[in-house]
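**Q** Respectively, the protein sequence lines represent chains A and B.
Residues 1 to 100 (our numbering) make up the first sequence, in order.
Residues 1 to 89 (our numbering) make up the second sequence, in order.
Since the hints were derived computationally from the structure, they do not count as laboratory data.
Ideal Cβ placement from N, Cα and C applies to all residues, glycine included.
Take the hints with a grain of salt, since some may be wrong.
Pulled a few chain B residues facing chain A out of the computed Cβ check, cut under 7 Å [stated by the list, open to error]:
1) Phe60
2) Ile61
3) Val64
4) Leu82
List of simulated lysine to any residue pairs, SDA-like, C-alpha gap at most 20 Å [to be verified]:
5) B:Lys80 x B:Gly40
6) A:Lys63 x B:Lys80
7) B:Lys80 x A:Tyr30
8) A:Lys63 x B:Asp58
9) A:Lys89 x B:Ile76
10) A:Lys38 x B:Ala36
11) A:Lys38 x B:Phe60
12) A:Lys96 x B:Ile76
13) A:Lys38 x B:Arg56
14) A:Lys63 x B:Leu69
15) A:Lys63 x B:Asp62
16) A:Lys96 x A:Pro27
17) A:Lys38 x B:Gly40
18) A:Lys63 x A:Arg88
19) A:Lys89 x B:Gly26
20) A:Lys89 x B:Arg32
21) A:Lys63 x B:Gly40
22) A:Lys63 x B:Ala36
23) A:Lys38 x B:Ile15
24) A:Lys63 x A:Ala74
25) A:Lys63 x B:Tyr54
26) B:Lys85 x A:Lys96
One-sided and incomplete, this derived list gives chain A residues near chain B with beta-carbon spacing under 10 Å [as the list claims (entries may be wrong)]:
27) Leu4
28) Ala6
29) Gly19
30) Ser20
31) His54
32) Lys96
33) Arg97
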Amino acid sequence: MNILAALLILGGAFFLTVGSLGVIRLPDFYSRSHAMGKSDTLGLFLSLLGLAVHNGMRVDSLKILLVAVFVALANPVASHALARAAFRKRLAPWMKRNRP
Amino acid sequence: MNGFLTGVTIFITIIMLIPFYRLVAGPTIFDRMLGAGVIGSKTLVLLTLVGFLYGRADMFIDIVIAYSLLNFIGVIAAAKLLERKGLEP
Numbered sequence: 001m002n003i004l005a006a007l008l009i010l011g012g013a014f015f016l017t018v019g020s021l022g023v024i025r026l027p028d029f030y031s032r033s034h035a036m037g038k039s040d041t042l043g044l045f046l047s048l049l050g051l052a053v054h055n056g057m058r059v060d061s062l063k064i065l066l067v068a069v070f071v072a073l074a075n076p077v078a079s080h081a082l083a084r085a086a087f088r089k090r091l092a093p094w095m096k097r098n099r100p
Numbered sequence: 001m002n003g004f005l006t007g008v009t010i011f012i013t014i015i016m017l018i019p020f021y022r023l024v025a026g027p028t029i030f031d032r033m034l035g036a037g038v039i040g041s042k043t044l045v046l047l048t049l050v051g052f053l054y055g056r057a058d059m060f061i062d063i064v065i066a067y068s069l070l071n072f073i074g075v076i077a078a079a080k081l082l083e084r085k086g087l088e089p
C-alpha cells in the first residue's frame, strides 16, 4: 500500500466534499461557481493524481494524467462560461443591500 | 488497498448526492446547470475508482476520457444556449 497515493486520494476526497458543500451552501450563483471552479477542480486533480500514483508506471497512468490535466483546464472554463452567460443575462449578484 | 478504495468509492457516491439539491431546487436555470456540471465532474473520479475495483482500469480510463470530453462540451453548449435564450427555466 502506497502512503503517498492514499494521502493524495484522501486530500482529493476532502476537496470534493468542500466543493459539494459550497455548491449547496453559498448564497449566490456567482459564489457557487467559485465552488465549482476552484475547490472541485483541485479535488479532481488530487484524486486522479493519487490514482495514477497507485497504478504505477504504466501507459494507463499516462492516460489518467492526461485526463487530470484536461479537467484542470476545462472545468474552470466551463464555470467561467456559465458565469459569463449569467452576467450577460443580467442575473443580479448577491449584495448586502438586496439581501432578503 | 482494495478496502480503502471501496471506502473512498462509497464516500464519493454519498458526496455526489449533495448537489442533487441544487439540481432539483435551484432558483435559476444556471444553478441547475452548475449542479449538473459538478455531478458530472465527480463521476470521472467515481468511474476511475470503479475501474480499479474491477481490475479493468485499462478499459475504464478510455470511458473516463470520453466522459470528460462529453461533460465539458455539454456544459459549454448549455452556456451558449442560455446566453442566447434567457433566464426563464
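**Q** Each hint should be assessed against the structure and marked as holding or not.
**A** To see whether the hints hold, each was checked on the structure:
| no. | hint | in the structure |
| --- | --- | --- |
| 1 | Phe60 | violated (9 Å) |
| 2 | Ile61 | holds (5 Å) |
| 3 | Val64 | holds (6 Å) |
| 4 | Leu82 | holds (5 Å) |
| 5 | B:Lys80 x B:Gly40 | holds (18 Å) |
| 6 | A:Lys63 x B:Lys80 | violated (30 Å) |
| 7 | B:Lys80 x A:Tyr30 | holds (17 Å) |
| 8 | A:Lys63 x B:Asp58 | holds (9 Å) |
| 9 | A:Lys89 x B:Ile76 | holds (16 Å) |
| 10 | A:Lys38 x B:Ala36 | holds (16 Å) |
| 11 | A:Lys38 x B:Phe60 | violated (26 Å) |
| 12 | A:Lys96 x B:Ile76 | violated (31 Å) |
| 13 | A:Lys38 x B:Arg56 | violated (31 Å) |
| 14 | A:Lys63 x B:Leu69 | holds (14 Å) |
| 15 | A:Lys63 x B:Asp62 | holds (8 Å) |
| 16 | A:Lys96 x A:Pro27 | holds (11 Å) |
| 17 | A:Lys38 x B:Gly40 | holds (15 Å) |
| 18 | A:Lys63 x A:Arg88 | violated (37 Å) |
| 19 | A:Lys89 x B:Gly26 | holds (17 Å) |
| 20 | A:Lys89 x B:Arg32 | holds (16 Å) |
| 21 | A:Lys63 x B:Gly40 | holds (19 Å) |
| 22 | A:Lys63 x B:Ala36 | violated (25 Å) |
| 23 | A:Lys38 x B:Ile15 | holds (17 Å) |
| 24 | A:Lys63 x A:Ala74 | holds (16 Å) |
| 25 | A:Lys63 x B:Tyr54 | holds (18 Å) |
| 26 | B:Lys85 x A:Lys96 | violated (29 Å) |
| 27 | Leu4 | violated (12 Å) |
| 28 | Ala6 | holds (6 Å) |
| 29 | Gly19 | holds (7 Å) |
| 30 | Ser20 | holds (4 Å) |
| 31 | His54 | holds (7 Å) |
| 32 | Lys96 | violated (19 Å) |
| 33 | Arg97 | violated (19 Å) |
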